[in-house]
Structures are given as C-alpha cells and as structure tokens.
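Engineer: Please work from the sequences and hints to get the whole structure.
What follows is the residue order along each chain.
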Amino acid sequence: MRDVLQASATFQPAVIEDIQAKADSGLYRIRGWGTLRERRWATFDDLTFLPCSLTRIPLEGYREKCSTRTVLGTRFARNPIELDIPVMITGMSWGALSYNAKVALARGARAVGSSNTTGDGGMLMAERENSRTLIYEVLPSRYGINIHHMRMADAIELTIGQGAKPGTGGLLLGSKVSDMIATQRDLPVGVDQRSPARHPDFLGPDDMIIKVEELREATDGRVPILIKMGASRVFDDVKLAAKAGADIIVVDGMEGGTGASPAILQEHTGIPTLAAVCEARAALEDIGLYGEVQLIIAGGIRDGVDAAKAIALGADAVYIGTAALIALNCNRPLYVEDYQKLGTEPHHCHHCHTGRCPVGITTQDTELMKRLDIEEGADRVANLMRAMTLEIQMLARACGKSDIHHLEPEDMAALSMEASAICGVPLAGTRKVFGR
Amino acid sequence: MAEITCGSRSTREINADIRKALAAGEREIIVREPGARHNLGVGILEPVRIRFAGSVGYYCAGLIDGPSIEITGSAGWGLAESMMSGEVVVRGSSGNGAAAAIRGGTVVIHGDAAARLGVSIKGGTVLVAGSCGYMAGFMGQKGRLVVCGDAGDAFADSLYETACFVGGRIQGLGTDAVVEAPTPEDIAWLDSTLAEYFPGAPRGKQFQKVVAGRKLWNFDKREWKVWQEAL
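Chains as they are written, first to last, in our numbering: chain V, -4 to 431; chain F, 480 to 710.
Read the hints as simulated data drawn from the structure, not as lab findings. Each hint should be verified, as a subset may be incorrect.
List time: in silico DSS-like cross-link candidates among lysine-lysine, alpha-carbon distance up to 30 Å [said to hold, decoys possible]: (1) F:Lys684 <-> F:Lys621; (2) V:Lys17 <-> F:Lys704; (3) F:Lys700 <-> V:Lys336; (4) V:Lys17 <-> F:Lys700; (5) F:Lys694 <-> V:Lys17; (6) F:Lys684 <-> F:Lys700.
None of these values were measured; they are calculated from a predicted model.
Structural biologist: Now the structure itself:
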C-alpha cells in the first residue's frame, strides 16, 4: 500500500517552484496582475449592508430615483470633473496596454459618462479623441510628458506611487518597448525600463506644494489636480497630499494591479484597500477637509458591491483597472494554446509582463492586438461599468438612499472583528465596535 | 518690448500678465523684480523672448515649448523641467534637478548646477559652465549633458542613451557609467557649441565622455554585482 502523500505546509509547491526559478535566474520574480495571496486580511467581503426594514424606509428598486452623479475637484479648480457614475478607469499606460485596449477603455468610459486615465506613458491621441473625461497622469518617470497634451486633459494626476508596488518605480520590460512606444516615450527600443521611484524635480511634501502649483500654472488653474499614492502610511500621507493642495486624493490599496512588478512587492507591501479607505477618510476628517477634498479609492475593486462599500466608508468614487481588463477578455478561455505557451491557463494568467497577452490587451505585438476588437471591447467595458452602477444603486436604494453618495458606514455591519476595528462599524450581532 | 514688474504681486498674476502680453502680440518681455518666486514662466508655448531680471524660484520655465528665456540671476529647483523645445539661459547658478526630464531644447547654466542635473533627460542639451552636484544625468534616456567644470559623485548613474561630457574632474562615476574617448564628431560638436555659449570653456578634446555600460539594460545574472549595487 502506498503512503499518503503529504506536502510541506512551509515549502508548498508554489514555494518550491519560486525557489527553483530564482536558483535558475538569479533574479527576483517579475510578473503582472497584482497580489495572488489568499486574502486572510479584512476585505470588503468582511462587511455587509444593513438594508431598511422598520427603522428606515427603502426606495423602490426599479422606480425611485437614486442619483449616481459624481463631482470631483471642487476645492480649487475652475472646472471640476462631472461624471454620470462613480466608477472610473484607472491609469494604465499605452505600453503596458495595447493601443486597442487603451482606445476600448476610453470609448467604454465615454459611453457611460465616466473618465479614463492616461497612465505612465504619455497621452495617446486616439485616447483623447475617444474620451469624454481624460485624466493626464504625471509620474516619476515623466515618460511622454507633453504640455500640449496636458492642456487637452480634464484633470492632472500627480502620481506618487501605486498600490501594487508603493515606494518603487514602474517596470516595462523590453519586449514591450516597441518602436512606437519608444518614440512616444523617448526611449531606446527593446530595453527594459525600470523607472525611478522619486520624481526628478521634487522630493518631499513641501516641494510637492510648489509642484502642484506649477501644474496649476501650466493649466491656468482650470482643471483639478489629483494626487495618487499607494496605500502605505495612509493617514499621514493623505494629510500631506491635502496640504500640498490636492483637489482630489487617490489611494490605491495593495490589491491593485500592475503590468509588471517584482512579485514580492505585490505580495508584501502596502495595506489593503479596505484599510486604506478608512485611514484616508479619518485623515481628511482630522484636518477638516473631508468633503472638500474628494477621495477616490482603487485597488482590487471587483464589482458594484466593493464600490458601494468603499463609497459608504468615505470614497467619492472608485477606480477600476484589473476588472476593466477582465471585461476586455483578460483570462477568458480564448486562444487557450497561447496561455499554455506562457505556462499558464485561462483564469490563472498573470503574464502581462511578457508582452504575449493571448487576448491582445497587454501586448505591443500587432498580431496579438488584433484579437481585441475595439468596438466589442468598448461595449464590454461600458456594460461592466453600467452593471456596477446598477449594483451600487441597488444597495443604496435598499438602504433608503436617493443618492449613492449618501451611503455611510452606519449602513453596514462588520462580519469580522478585524473589519469592525478597521472600519469603526459594529460587529454583526453586537453593538460593539472592536478596538473602541 | 513689454515690461512687467512683479512688485508684491502673486505668481498667478505675473504669469497672467505674461500670457496677456503674448496674446497682445508682444515678442519680447522683460520681467523685473522676480524676487525668486516659484513657477514663473511656466507653460509658455510661443517662440518669444522673456528675460527675468533677477533670480527665480522652483520650476521657472517648466513645461515650455519654444520660447527663449533668460534669467539674469540664479534659479531654484526644476529649472525648465519637461521642456520640449526652446532655450533657457541662467546667468547665475541653478538648484537641484535643473533640466529634469527635458525632451528637447537647450538649457544653459553659466554658474554651477546643484544635484541631479539633467535627471531623467529624454532629449535636448544641457550645458553647465561651472560644476555640478551628485547624480547628474541619472537615468538619462537621450540627449547630451555637458559640464565644463567638475562633476559630483554618482555621475551618469543608470544611463540609457544620454551622452555626458565633463571638462574637469569626476568625483565618482555612477553605476554602469563608463568613460570613453569622445569621437571626432563629439569634439567638433563640443567646440562649436561651447564657442557659442561659453567662449572661455575648455576645448572639446579636453572633455571626458561618459556613457552607459549597458549592464543594467537587461538583467544578466553574470552582472549580479552591478545589480546589487544599483538596486
């Protein structure tokens, strides 16, 4: 009789594979997508809504109005952003993504009255032409920065870091630095790009005050300035960003995605999105700017439920990135043999860094790119954003809210002590907020 | 020529006056009493001449495309950052990150430049008559950086295709920076360019040329030591 096979709990198969891969290459692992860890930390799933019963009156789910209008950037800018819905497309560069993906995202967001963001590679003119509201991102790399493009934008996002890898620069492997991408960014073709972690012309928050003013001067104070950060020391960082003059602050939690990054950064840096939104709100309340500086939350937002919970906890809007790519067919069982060539399978692919995306999203290969039909992709992105909006409204109406922005922490209960302590809402079945 | 006196007015008001003068068709503007204000002359896109008669603060001439801007005093951090084309001349010295991430044009500094001169440069030319601080040229992608005096530590660290030239002593090379002999074309270019901007500068053949050793371009485990020090 054979012995029962018993694997090590310490050296699990994935750990063994990781050690052997590093023994082969001498390099840390690089991949795309975002954290793959089992989520043992408190997430939005650790909260549940408390719809109306006798203490509150619900709104009719299919009849009574529930506004989703979202206005951002009301603090200093002459022209705040006005969106029809609170779900926005986050910054993902042309370079990390294909031309077709960028244009499809822009068209999808436009179709639902929302925004999209350029990413770390400058503005693609087709993206501007297909956007309703375009946010122009200024990152430490300064790839493709063009004042003419900046002035075409509806807002400027000064990015300090991102949730998947706060405190580090971007990474674009040479396989994706095509002739077009190299020209757009002034780079040598085919060379790995490890972009800097710090901006080239400012270091700390005091310098950043002047930088924000420069961006306002460059755009004549017309458009809002967003400051985006990876979720790290959120309570302090948000206060510093507000002090620097941000109209809008974006906090990107550790579940956020990336086109390429050392895997350990995705797995072991930053704090979860649920914790990030709570710290961010507390920070703005602490300095009396909650409501005056708008808050966008990003990082692993999957659906309208996550979005509604983020909004209830204090966000004015959410960014989606990975979810939007999934809408474009990321990880869909199409061209399965090409997933297998990458050593993976549909639903398990995180090989964006290779530039060999089987469904034409995270690639610069013109043949692969053809697999992503722009019109069809735009429809799918718009559909996802519509469905998410309906989900948010459904929950808001059930909680008796005629405006999704009226959702509040009091509309929820915690399903774990950790979530109760983080979010300041009572644990279900008790009247107790743990840690208070 | 239009004259704008800053007096006690804000940067926003002064920049608005500059834009108003440009809209009225002025092609030469002198701005008096700049008082080291930050963000003066940001985002100018017209091929005009602007002279700041005095010293300026951070980000002067940032995000410009086309103008010729002269600063008779010194400049703070981020001079001409992200410039696309044009010319920026500083008669005094500059603070950190001068010519950061420029994509084109020429930045001329008659005095010294502080740390991180030409950091993330993506094109254009940076000329310094004096010396520069540490990490000049860091992660330069393209373009040319010329320092007639001495260069500080970690010079030309992690370069891509930027060519760096130093007329004096280099305190220390950055990771993957390699000294090589200037080509005859380099020497001819240096001689003609320096004759135009700094007539008393050393001759081109006296310059050291520093370029990327290309060991950081794509990871190779045989170059592990370079990566350990770089990252």
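Engineer: Hint by hint, say whether it matches the structure.
Structural biologist: Going through the hints against the structure:
1. F:Lys684 <-> F:Lys621: holds, 22 Å
2. V:Lys17 <-> F:Lys704: holds, 16 Å
3. F:Lys700 <-> V:Lys336: holds, 24 Å
4. V:Lys17 <-> F:Lys700: holds, 10 Å
5. F:Lys694 <-> V:Lys17: holds, 20 Å
6. F:Lys684 <-> F:Lys700: Violated. Lysine 684 (chain F) to lysine 700 (chain F) sits at ~37 Å, over the 30 Å cutoff.
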